[in-house]
Amino acid sequence: MEKETIRQLRGLNDLVADAVDAGVTRTERIHRSIARYPYAVLTRIGPVAAPVRVVEYVETTITGTVYWSVRLVARVSGGVVSQVLERLDARAR
Amino acid sequence: MDERTTRPDPAHSLPERGVSILNGMIGDYLQERGNELAIGMSFRHRGRPLPLDAASLHAAHPSPTRKLCVLVHGFCCNESVWTFPAGARGHEQESYGTRLQHDAGYTAFYVRYNTGLPIAENAAHLVVLLAELATAYPLPVEEIMLIGHSMGGLVIRSACASARPESTGWLARVRRAIYIGTPHDGADLERFAHGATSALKAFPGHVTQLIGDLLNLRSRGTKDLGVGHAPSPEGAAPWLASARHYLLMGTLTKDPRHPVGRLFGDALVRVPYPKEAPEPEVIVFPGVHHLALAHDDAVYRCIRQICAGA
Numbered sequence: 001m002e003k004e005t006i007r008q009l010r011g012l013n014d015l016v017a018d019a020v021d022a023g024v025t026r027t028e029r030i031h032r033s034i035a036r037y038p039y040a041v042l043t044r045i046g047p048v049a050a051p052v053r054v055v056e057y058v059e060t061t062i063t064g065t066v067y068w069s070v071r072l073v074a075r076v077s078g079g080v081v082s083q084v085l086e087r088l089d090a091r092a093r
Numbered sequence: 001m002d003e004r005t006t007r008p009d010p011a012h013s014l015p016e017r018g019v020s021i022l023n024g025m026i027g028d029y030l031q032e033r034g035n036e037l038a039i040g041m042s043f044r045h046r047g048r049p050l051p052l053d054a055a056s057l058h059a060a061h062p063s064p065t066r067k068l069c070v071l072v073h074g075f076c077c078n079e080s081v082w083t084f085p086a087g088a089r090g091h092e093q094e095s096y097g098t099r100l101q102h103d104a105g106y107t108a109f110y111v112r113y114n115t116g117l118p119i120a121e122n123a124a125h126l127v128v129l130l131a132e133l134a135t136a137y138p139l140p141v142e143e144i145m146l147i148g149h150s151m152g153g154l155v156i157r158s159a160c161a162s163a164r165p166e167s168t169g170w171l172a173r174v175r176r177a178i179y180i181g182t183p184h185d186g187a188d189l190e191r192f193a194h195g196a197t198s199a200l201k202a203f204p205g206h207v208t209q210l211i212g213d214l215l216n217l218r219s220r221g222t223k224d225l226g227v228g229h230a231p232s233p234e235g236a237a238p239w240l241a242s243a244r245h246y247l248l249m250g251t252l253t254k255d256p257r258h259p260v261g262r263l264f265g266d267a268l269v270r271v272p273y274p275k276e277a278p279e280p281e282v283i284v285f286p287g288v289h290h291l292a293l294a295h296d297d298a299v300y301r302c303i304r305q306i307c308a309g310a
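Sequence order for the protein chains is A and B.
Using our numbering, the first residue of the first sequence is number 1, and each one after it goes up by one.
Using our numbering, the first residue of the second sequence is number 1, and each one after it goes up by one.
These are calculated hints, taken from the structure and not from any lab test.
Fair warning: there could be bad hints in the mix.
[Said to hold, decoys possible] Simulated restraints, written as ranges between beta carbons of each label pair: (1) 203/B to 40/A: 50 to 60 Å; (2) 76/A to 242/B: 53 to 63 Å; (3) 32/B to 57/A: 33 to 43 Å; (4) 33/A to 32/B: 22 to 32 Å; (5) 33/B to 35/A: 24 to 34 Å; (6) 48/B to 22/A: 50 to 60 Å.
No residue lacks a Cβ here, since even glycine has one placed at the ideal position from N, Cα and C.
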């Protein structure tokens, strides 16, 4: 493989990592801001306010973990691809 | 020696074109992030970087001439845009540069650059690159002809305006500057994108904000196209007084006075009406769309006539 191609693949790998990170962060922000509305309404109703807060906490924790996992998987795969490209680059020298 | 070759040019490959498109869209971001996809401005020869040293120049141009022609491509393109369609299919790779070399004795140099960067920044890079070329060139340079397609014309105009004659010997050698499909008065499509972004962001909804943000991701080079006339802190870049300027424009319709042709121009750029003095000469090519202007027989004939003029 040509060095120029490896260089471009490395750049593409970095760009995909950036795009996934930015996309997940943006999606998470929109998700949270939309999900906040029903919780805000329900917590105004006295008898259900306490359980709703618990549900909101659980839901936020689960979705937060999911988004964090997506970011982690993307970073790890990006790192693996980066290592492979480094090795290919070293051979191409 | 003739530059024409049957060897495939990597500039025509899909990955290379993809990288150039990506640079046009988000090239400023790529450069800020230090991403290796960001293109650094350089001369290219048969799709590969041309270092400005004696050996490389001799290998690329074994029979150099005293007249140079520098071709600067447009937004989201690379130097492959200059290739006539037959050349792109693997036959003789002809372009305005190779034809000018063959017919008029110009030695052609093709620039590749990151079209997502602000026009003023690319112009500053071009000033340096041309100075390096003038220094490294094996013969005394009699004339430099600058040819820019689309955004490339704005980069040329801005480079000529920002170069200091006392420090850059090449500027005095520029006799002719040819702007092909260049939006000196700004590009309507970019102005539309700017308006759409502002309208979407004015709405409080999450989706409209998101779409507005995505539209706003376009590069600073793209945004500069909306302004046109090679923007600089001092305003519109002046035309280089010591050179003659030619605006070669296309229209979608065979009749340039047709309302569609007047409204949409070559699909991206409308035919301008120069208001400044000295007024550049405007030559219109009916029925030639924006990209075709970079590799059209009628346009080449016109360039040859310009070269033949005093």
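**OP:** Take the C-beta atom of residue 32/B and the C-beta atom of residue 57/A, compute their distance, and say whether it sits inside 33 to 43 Å.
**Re:** holds, 38 Å
Original post:
Quick one: are residue 48/B and residue 22/A within 50 to 60 Å, going by C-beta?
Top reply: Since the Cβ atoms of residue 48/B and residue 22/A sit about 33 Å apart, the hinted range of 50 to 60 Å is violated.
Subject >> Consistency of beta-carbon spacing, residue 32/B to residue 33/A, with hint 22 to 32 Å >> reply: 28 Å Cβ-Cβ, so the 22 to 32 Å window holds.
Original post:
Does the Cβ distance between residue 33/B and residue 35/A fall inside 24 to 34 Å?
Top reply: holds, 31 Å
Original post:
Regarding residue 76/A and residue 242/B, is the given constraint of 53 to 63 Å on their beta-carbon distance met?
Top reply: holds, 59 Å
**OP:** Starting from the range 50 to 60 Å, see whether the pair residue 203/B and residue 40/A falls in it by beta-carbon distance.
**Re:** Hint violated: Cβ distance 21 Å, outside 50 to 60 Å.
Hint compliance for this structure: hints 1 and 6 are not met, and every other hint is.
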